[in-house]
Structure formats: C-alpha cells, structure tokens
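There are 4 protein chains.
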Amino acid sequence: MHQQLVLGKITEILAATDDSHEAELTQLLDKSSRIFVSGAGRSGLIARFFVMRLMHAGYEAYLVGEVVTPSVRDSDMLLVISGSGGTEQLIAFANRAKKIGAQVVLISAKRDSALGDIADAVFEIGKPDLYGTVVGMPMGTVFELSTLIFLEALISHFIHEKGIPEEQMKARHANLE
Amino acid sequence: MHQQLVLGKITEILAATDDSHEAELTQLLDKSSRIFVSGAGRSGLIARFFVMRLMHAGYEAYLVGEVVTPSVRDSDMLLVISGSGGTEQLIAFANRAKKIGAQVVLISAKRDSALGDIADAVFEIGKPDLYGTVVGMPMGTVFELSTLIFLEALISHFIHEKGIPEEQMKARHANLE
Amino acid sequence: MHQQLVLGKITEILAATDDSHEAELTQLLDKSSRIFVSGAGRSGLIARFFVMRLMHAGYEAYLVGEVVTPSVRDSDMLLVISGSGGTEQLIAFANRAKKIGAQVVLISAKRDSALGDIADAVFEIGKPDLYGTVVGMPMGTVFELSTLIFLEALISHFIHEKGIPEEQMKARHANLE
Amino acid sequence: MHQQLVLGKITEILAATDDSHEAELTQLLDKSSRIFVSGAGRSGLIARFFVMRLMHAGYEAYLVGEVVTPSVRDSDMLLVISGSGGTEQLIAFANRAKKIGAQVVLISAKRDSALGDIADAVFEIGKPDLYGTVVGMPMGTVFELSTLIFLEALISHFIHEKGIPEEQMKARHANLE
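Residue numbers (this note's numbering), protein chains in the order written: chain Y, 1 to 177; chain Z, 178 to 354; chain D, 355 to 531; chain A, 532 to 708.
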C-alpha cells in the first residue's frame, strides 16, 4: 500500500534524525527577535506551514517574499529549508542575511552544501545515504514530507513545553477566511 | 497611441473622484489599530501594492490570506477593493469583520452594492456612468488602474502630510530579495 | 516523542480511511479534462502540494486563484479540500463550478456538510469520531497532515499504476528556481 | 494635488520611452512558444498584472514561481521586469533560461546592468536621468507605475491590432472567484 510506503519512509528518516534537534532549534528560535522563513518550490510550502504555526504560537514570524514582510535586522533569524542546500536564490538571501548580522539556520538533507557553508547552524533531517531513489516518491518528496513532519512535531514540542493553550493559538488564527 | 488612451481614461476617472476622499480615508486609516486589505483577482494585486506601502509608511497592515496574517479585532479596519461591490468571498470577509466589530471600508466603482450595504464607509472612484466599455481596457481595467493611481497618490499624500523620509520607508522595506 | 505522536495519529486516520478511495479518486481525475484544486489556509497549502504533482504527472491542473488559472468548463473538475466542509469562499466556488456543469469533488473530515451537499463525490479522510482534540496538533492539523499523506500516496499510486518515469516528471518540473 | 504628481511623472517617463517598443515587444512575444514572466517585490506584482492579461489575450503565459508553472524550453521567452537590472534571484533565473536556450527579455529603467548583459533584448522605460528622487513616489514607484501603464497599453495594442473581442478575453478569465 502506498500510504505505508510513504509513512514508512518518513518514519525511517526521522528515526535517523538527531533527537537533540528539537531542543536545539527551539532554543535558537527563542533567542531570535523575529524569525524569517524561506524555501523554494515545495520546500516553500513547508516554510508556509511552519511560519503560520510559529505565529499562532506567539513568535513574530514572516515568510520571505510576502508583501508585508519587513526588513531583517541583526537580532533576527533567517531559517532556510533546502534539501540540496544549493538553491541559488536562497544562497542570495542567506548571504544578505549574514551580512546584516542575522543568524542563518539551515534545515537540509545534508550537512555539507553551499548553504551549509553560510549557515550558523545546520539541522540535518535523516542521513544522506537514506535519500536514494524511492519509486512513487519522486524528486524531493522524501525530504519534504520528513521535514514537514519534523517541523509539525517541533510545534507539538513547543505546545507541550510551554503549555500553550489551543484557544490562545486559535485566537491568533486568521478569522476572515 | 494606447498609452494616451490609458492615461487619459485614468485622468478622467480621477477628475470625477471626490477630492475629499484623500483626507477622509487617511483619517480612517489613522484611527484604526491595524489595517487588513483584501481584493480578488487584479483588485487583489492593487491590495498588495497598497498594503506594502502602508507597511513602509509605518502602519501595521496585512493582506487577508497571507500565511502570517493574524486575526482581526474590533479596533481594526478591513479595507476591501471591489469594482462591482459584489464579489462573494469579499462579502463573506466583510460580514465576518462586521460581526467582530471591525470597521469595514470599501473602495469601489459605485456606491450601491452588496459590499456597499455592509461597509461603514464607501469611497467611490469616478462615477458609474464613466465605466462604459473602452476597447483596449477590457473587463475591470479602468477601475483597477484608476484605483491603483488613487491609492499611490494617497501614499504620496501621507508622505507629504506626515513628512515621512524616504530613508525611513527604505529601512522598513524587505532587504533579502 | 512528538514525531511519534504526529505519525501515530496520521497512521490511525489513514487506517480508518476507505481503501477504495485511491482507485475511485484516480478514476474521477482521469475522466476530467482539467482539474482545478482549492482549499483555504493550510488546506490551501495541501492543494498546492497536490496540484504541482498532478502537473508533473501529466494532468492539466490549476490552483484556483493563481494569476494564469483559466475559466472552468463543464468537462472539468473542481477538487475542494476542506476539513469542516463549511468554508464560505469554497462554498461559493463549488456553487459556481456546479452551475457551470463541472464536477465537484470534496476531500473532507466528514461526509455531511454544506460542501458535501454540493459535491458530486465526497472522499472522507478517517472517521469523524477520530478528530477529537489532540494536544500538540492544534486546530485542523490532524486532518491536514492526514490528507497531505493521503494525496502523496495517491501520487505514488499514479506513478506505479501508470509507470510514470521520474525523469518525465522532472522534465516537467519548474527549472528556473 | 498628488494624483497630478503621480500621473504627470508617469506621462513624462512614457513620453521619453521609445515608441517602437510596443511593436518590437509584441513581435518577440508572438515568436515565443510560451512566455514566462518574473519580477521581485512590486515589479512582481506588475508581472502578475501582465501575465494574467497575456493569458486572456490567448498567449500561453506563466508566472515564475507559481505551483503549476512548467519547465522552460528553448522555444520559450523569459520576460524579466527589474528597475535596477541587478536583482540577484532574477539574474539566477535569467542565466538558467539562457543556458536552456530560451530568449531572455528585460524591461528596465536602464539599458546597462547585470540583467541587461544577459538579456537578448532590453526595453528601457524612460531615460535613466528621469529617475531622480521624487518626494511622494518613494523607491521604485516611478519605474513600477510607468512600466505597469506601458504594459497595459501594450495589451491595448494587442487588442486593437489583433481585433481580440472582449467577450473572448472574458471567456478565458477565471470564473470561480
């Protein structure tokens, strides 16, 4: 069954992901004044999923490229999601953030990459040798879904750790649509 | 020449637009805690143009539907841009904003419409009888371009009125892209 | 561990989802000339994930609201993703699609709803009594993630069933970013 | 009055824009299999305005970055809108399009720039010495509004030249929203 294939692969990747990532990434997020998130293509959709919940959880968070996204300052974090670590436009964003003095954090399928070289911290999802071709999960699918579940679990971690009531998150949620 | 056709039609519409709109709309914007802007299709693009400059000018402004747009509260304004005043999804947004107690302001090609009935204030751009078919400016083009120039001139009005330095606006402008 | 909480809940929901959904939804997609996908908020992000892979897999597919999305015709399908089945703007879209004569298909957490009443076919993800509050998976999270994995598995189903080579999908994938 | 300031400046820029641009750009668009349009920030909004009308006028046109935008091929055009001609992410797109063999066309405030060096054709809007600071039209406003009106007039040019009936454009226009 295809659902088992997909869930099985995500489970395998997350089992090979360092358990300390959750606490470490939370700590970095908590130290930043504001959090700017960016990704290209489907990694950009993951960025959107995450940044919305960051806002619900009380962080001041922005998606790079939306119309009211303000300028980055040196006390902010740029969180970049890139499986390959080599997306050109994200490299340009990361270099600019770095020059401003902001912290650059990368979530990637591998530690070593152009973005990895720029980033102050890299969170590797799974291990590079687990990303071989999987028929039915084309292109970046394995990284994308694993990263999404990793970040949704991080939100769950926040909620439990900080005791954020669902009502409080709901009250921050867009209420016109 | 087509540029003259387009500029001529915009000029005609703006000449028929009430001069007091600029000061009145500025006053309403200044009284609101936060400003939420919405429009569908090309009016949605105008909403994006405007909300970005509102942010640059120091207002707390959001586009309805972006991922970090928060919930509307009773001290906020929903500014809706709709030529026809009858866009169903905008009616749904306006009704919800009204129920929350927020102020609903409409920018439209006509005073009377479903959205006009809901709105606390309507700013009519031009006069309804000026919106006849113009070959080369199909569908809502005349309203859209006139409204865009109206709102860009409103930004110019803020800047002169309040003496906002361009450097301050630039400092708020997105700096990664 | 939070990752286990999230993966466990998705697994539970998918185990309670009708196995025949995969084949039935594929058949409906294959019968439609073109597929228009829509959702609000995070369900809108799931719509984006899915529509991109539909395009890669060779379907003519569009997201409602993007700038080059054309008009719907009677031979097309509108696929709506809505946990509650009650999102007002989606009801407006579904009613309009229905009037045009297009097929309306709903993916939802429950069979009975305003959108369910309009839809020609409803695909229920899980069972309504499985959607109680889960601390750490706030608001629609359980439905959203389960539906995303359901649709990613559907893509896997296409790929295996039709023997679509990954190279072919890659060749259709955006190549500027 | 601010509306006169804004309209006056646009008129001045367009008067200084080469009259042959309209026919030349139309010819290039007509020779391309498909047209991909891109811009950053507010120039990205202008790209959206234009690409929607290209679609209405019967061109196969896409915005770079939307979820169903396909891969560029050597018979396609990438049309880039950039006032400065130096936006890094657009340079990356243009280089990639060039390598694929697609035609790269730039609309800019100046002929000489990094993007100008890559482009096969550059359409200069106004003359560089007309872009001095205008209080009330901050940052790229003068270029953006002038370019928007230039492109809307280009659409008007198509419509007249080719005798495209408004009903035909309306029939292609998104009909769910």
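These are calculated hints, taken from the structure and not from any lab test. Keep in mind it's a predicted model, so treat the numbers as computed, not measured. All C-beta atoms in this analysis are idealised placements derived from N, C-alpha and C, irrespective of residue type, glycine included. Some clues are possibly wrong.
[Said to hold, decoys possible] Partner residues aside, some chain D positions facing chain Z, computed with beta carbon under 8 Å:
1. 442
2. 443
3. 446
[What the hints assert, rightly or not] Pair by pair, the computed Cβ-Cβ distance ranges are:
4. 133(Y) with 384(D): 37 to 43 Å
5. 171(Y) with 370(D): 29 to 35 Å
6. 100(Y) with 251(Z): 48 to 54 Å
7. 297(Z) with 84(Y): 35 to 41 Å
8. 200(Z) with 414(D): 35 to 41 Å
9. 121(Y) with 524(D): 26 to 32 Å
10. 134(Y) with 630(A): 28 to 34 Å
For each hint, the structure was consulted:
1. 442: Holds, about 4 Å.
2. 443: With a closest approach of 4 Å, the residue 443(D) hint holds.
3. 446: With Cβ-Cβ at 4 Å, under 8 Å, it holds.
4. 133(Y) with 384(D): 37 to 43 Å: violated, 26 Å
5. 171(Y) with 370(D): 29 to 35 Å: holds, 31 Å
6. 100(Y) with 251(Z): 48 to 54 Å: This hint is violated: roughly 37 Å between Cβ atoms.
7. 297(Z) with 84(Y): 35 to 41 Å: violated, 51 Å
8. 200(Z) with 414(D): 35 to 41 Å: violated, 50 Å
9. 121(Y) with 524(D): 26 to 32 Å: This hint holds: roughly 31 Å between Cβ atoms.
10. 134(Y) with 630(A): 28 to 34 Å: holds, 29 Å
In summary, the numbered hints that this structure violates are 4, 6, 7 and 8.
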